[in-house]
Amino acid sequence: MWEGIYIGVTTAVMPFNLLMLFVGCFAGTFIGMLPGLGPVSAVALMIPITYGLDPSSGIILMAGVYYGAVFGGSTSSILINAPGCASTVVTAFDGYPMAQRGQAGKALALAAYSSFVGGTIGAIFLIFFAPMLATVSLSFQSSDYFALMVLGLTAVAAFAGKGNILKALMMCVLGLMLSTVGTDRSNGVERFTFGSIEFIDGLSFLLLAMATFALAEVVMSVMNKSTDAQQSKVNNTSSLGSMKLTKAEIKKVAPTVVRSSVLGFVVGVLPGAGATIAAFLAYGVERNFASAKDKLGFGKGSLRGLAAPEAANNAASTGSFVPLLTLGIPGSGTTAVMLGALIASGIQPGPQLFIDHPDVFWSVIVSMYLGNVVLLILNLPLIPYIAKLLEVPRPILIPLILFFSLTGVYLVSFNAFDIQVMVIICIAAIGLKLLDFPLAPMLLGFILGGMLEDNLRRALLIHDESMSFLWERPLTAVIMTIAMLALFGQPLLNFIRSKVGQRKEQDVFDSE
Amino acid sequence: MSIKRRTLLAAAITGCLLSSFSFSVAAEAKLDKIHFLIPGGAGGGWDGTARGTGEALTKSGLVNEASFQNMSGGGGGKAIAHLIETAKNSPNTLMVNSTPIVVRSITKVFPQSFRDLTPVAGTIADYGAFVVKNDSPLTDWSQAVALFKENPRKLKFAGGSARGSLDHLVAAAVIKAEGLDPRTLKYIPYDAGGKAMAGLLSGEAKILSTGLGEALALAKGGQVRILGITAPERVSDAPDVKTMTEMGNATVFANWRGFFAAPGVSKEQVAKWNETLEAMYKTPEWETVRSRNGWVNVYKNADEFYTFLEQQEEQLGSLMKELGFLK
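Chains as they are written, first to last, in our numbering: chain A, 15 to 526; chain B, 15 to 341.
Source of the hints: derived by calculation from the structure; they are not laboratory data.
Note that this is a predicted model, so its numbers are computed, not measured.
Check the hints yourself; a few may be wrong.
[Claimed, not checked] Computed far set for chain B versus chain A, every beta-carbon distance over 12 Å:
(1) L45
(2) I52
(3) E79
(4) T100
(5) F128
(6) D154
(7) E164
(8) S179
(9) H182
(10) R197
(11) K200
(12) G207
(13) P246
(14) E260
(15) N288
(16) D317
[Claimed, not checked] Partner residues aside, some chain A positions facing chain B, computed with beta carbon under 8 Å:
(17) V150
(18) L152
(19) G216
(20) G342
(21) I343
(22) E479
(23) S480
Where a beta carbon is used, it is the ideal one built from N, C-alpha and C, also for glycine.
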């Protein structure tokens with residue numbers, strides 16, 4: 015194996031390949047920063063260029079673009095609340111509030127460090143356990159995915175402020191409902207399309223996220239003059255803030271980053287989940303781990319709330335290469351494009367790859383990892399300049415955000431109808447925001463809804479319409495139990511504590 | 015711009031390579047430009063077909079310039095409507111499409127059918143394949159049929175698309191050809207081919223109905239076995255895989271990809287396109303693109319393509335009626 019890694023490293027550090035890595039990271043970061051254009055588009059854009067290169071250089075270029083795009087996506091999430099790609103939607107939940115508080119520099123730096131650690135832990139797991147993990151990725155059946163989605167839904171509590179749990183649940187249900195629009199993926203029946211062909215393909219997650227976050231935020235800030243003035247004051251005085259994390263802060267986020275990286279990697283390995291789900295899960299889990307006081311900070315610029323999804327989505331991106339490289343199965347849109355690119359370079363991923371072409375296998379993995387390193391080196395010094403974006407006067411910045419959000423969505427589908435839908439959703443989102451409804455639970459419900467339904471229906475079909483898999487299949491039962499504990503564990507614990515407390519008081523009373 | 019530059023580069027390289035052969039024939043540009051309309055987003059199957067064809071045509075010098083336009087929406091219906099609306103202004107436009115255009119016009123997902131367009135050519139095809147995991151007790155097709163006869167619930171077919179779409183229909187067609195009732199077939203839908211494959215490998219699905227192209231790589235890796243394919247004769251990429259007809263099952267089904275032009279395009283123009291595409295098959299540039307993607311050359315010129323589409327409409331229509339997808 016060390017020999018393989020050695021070959022991989024020597025291939026990757028050849029001057030031309032290093033150049034490709036830098037070019038890829040830079041181009042990827044840039045494309046990823048444009049709202050809506052994520053790793054799928056970035057990698058797809060690069061494919062024609064790689065035809066002219068030799069295979070390993072081509073793959074290295076693409077690895078750079080891939081990680082660059084994921085990284086760039088978090089930058090726009092943090093700075094302008096417009097997620098660059100689906101997996102960085104969660105980054106905006108706490109990243110944008112931090113930037114608003116004048117800690118843009120710290121938020122960007124933390125995102126970079128968390129991504130780097132996530133990528134590093136992911137790469138280590140990939141190097142040492144890839145062939146072993148292949149079996150893990152195939153051990154998940156539809157009923158297990160269903161249980162995993164239920165576990166994901168319990169994260170809804172993470173998005174509810176105090177006393178807002180009812181509103182959060184309502185929004186989560188709204189998200190679940192929106193996910194049913196379009197052609198039903200099991201039976202091919204059209205639902206809630208109102209007879210229009212425009213809705214046949216359903217709503218896109220990115221469109222929904224852009225409309226409810228970027229667009230609604232921008233319009234709200236224009237409508238609300240007082241906060242506008244306040245914000246621009248903040249922006250003018252300390253737009254960047256310090257990039258440095260204090261020792262106490264590092265101590266606080268370090269366990270978060272490690273936990274989320276491991277969780278993200280495991281979720282990424284499953285062909286049916288992906289980086290977006292990983293980010294949502296990590297965020298929810300991290301909040302469950304937090305103390306009551308820390309919990310309140312989530313959604314208002316919590317460092318842990320930012321670090322968790324960033325570490326998780328990067329680790330998951332790395333994890334998704336396990337089924338791709340060892341089995342030849344793409345688990346997500348991006349890995350499907352990457353599979354196409356690998357095949358185009360004459361490499362057929364699969365179990366044979368590891369045996370027949372260990373050099374290729376290792377140079378892919380090593381270049382993936384070097385992409386992470388280069389990204390950190392490239393981007394940390396750039397953060398002050400990137401953050402300068404916030405110093406752009408609002409009368410210019412707002413139209414720019416509007417322009418990039420709308421064109422970003424359009425460039426994915428090339429369908430003008432999407433823009434109309436975006437505007438309608440944006441108006442609805444503003445109404446909901448004014449009524450103090452949290453919008454993040456809606457996105458959670460939407461992203462999980464489709465998979466929740468598909469997997470449940472598939473599991474029912476496979477088990478002849480019987481729900482028995484919920485308790486008969488051990489893996490499903492375990493995940494369901496964890497979900498139930500996440501949901502009812504805290505209230506139950508409080509209840510027991512209060513009982514015990516009462517008894518203790520009683521004891522004290524009796525002894526007197 | 016980049017295409018032009020690369021065309022020059024490719025021309026220079028091909029020029030060098032060919033100069034040593036006395037019989038070399040410099041490809042002569044047959045068409046000035048083709049505009050490809052792609053009914054889906056970047057990175058999909060339609061996108062790959064259009065861009066691959068465009069690449070082969072420009073690199074080989076058969077066409078001077080190729081441009082591409084993605085237009086997703088309505089399961090491809092948006093692009094069809096656009097092509098019909100702008101028919102007068104799009105004399106150079108070719109829209110890529112595939113078997114679902116037939117299915118979706120039968121089910122009235124969109125109001126148009128291939129008759130409202132000008133079918134130009136079918137260029138490549140993929141055959142249906144029935145795949146089991148390598149440790150499956152099923153070693154040949156007859157065992158699968160026996161199991162199905164015993165109880166259809168024991169042999170549920172998985173596929174990478176919804177009920178009533180191709181993977182399901184092909185499975186129903188082979189069951190029907192065995193003289194069994196296709197309505198008793200239990201179909202497990204996944205939302206993508208890769209996920210259906212993962213489902214098969216996880217052991218929750220017993221048999222998978224998919225495209226040969228998708229199954230071939232895993233079969234070569236030894237993880238899955240292909241029990242049969244719906245090709246009329248054995249395929250050169252997989253000479254060991256039996257066809258259904260060989261095993262006494264009459265099902266022949268090709269999932270084609272091809273090109274359509276706007277309605278009312280002149281016969282001469284269609285003939286020119288046919289001539290250009292026919293010439294493309296002989297170029298090394300096409301061979302590069304084809305082998306890279308694992309496509310199978312199945313060429314049908316405009317007339318053959320039209321007849322084929324009519325036959326396929328009949329084949330799929332009657333099957334879907336029998337399955338209860340049509341009233």
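Hint by hint, here is what the structure shows:
1. L45: 21 Å, holds
2. I52: Given that some Cβ of chain A is not farther than 12 Å from that of B/I52, nearest at about 9 Å, it is violated.
3. E79: Its Cβ never comes within 12 Å of chain A, the nearest being 15 Å, so this holds.
4. T100: 14 Å, holds
5. F128: 17 Å, holds
6. D154: 24 Å, holds
7. E164: Holds: least Cβ distance 15 Å, greater than 12 Å.
8. S179: 6 Å, violated
9. H182: 9 Å, violated
10. R197: 15 Å, holds
11. K200: 7 Å, violated
12. G207: 9 Å, violated
13. P246: Non-interface label on B/P246 holds, nearest chain A Cβ at 26 Å vs cutoff 12 Å.
14. E260: 27 Å, holds
15. N288: 27 Å, holds
16. D317: Holds, because the least Cβ-Cβ distance between B/D317 and chain A comes to about 30 Å, which exceeds 12 Å.
17. V150: 11 Å, violated
18. L152: 5 Å, holds
19. G216: 11 Å, violated
20. G342: 5 Å, holds
21. I343: With Cβ-Cβ at 5 Å, under 8 Å, it holds.
22. E479: 10 Å, violated
23. S480: 12 Å, violated
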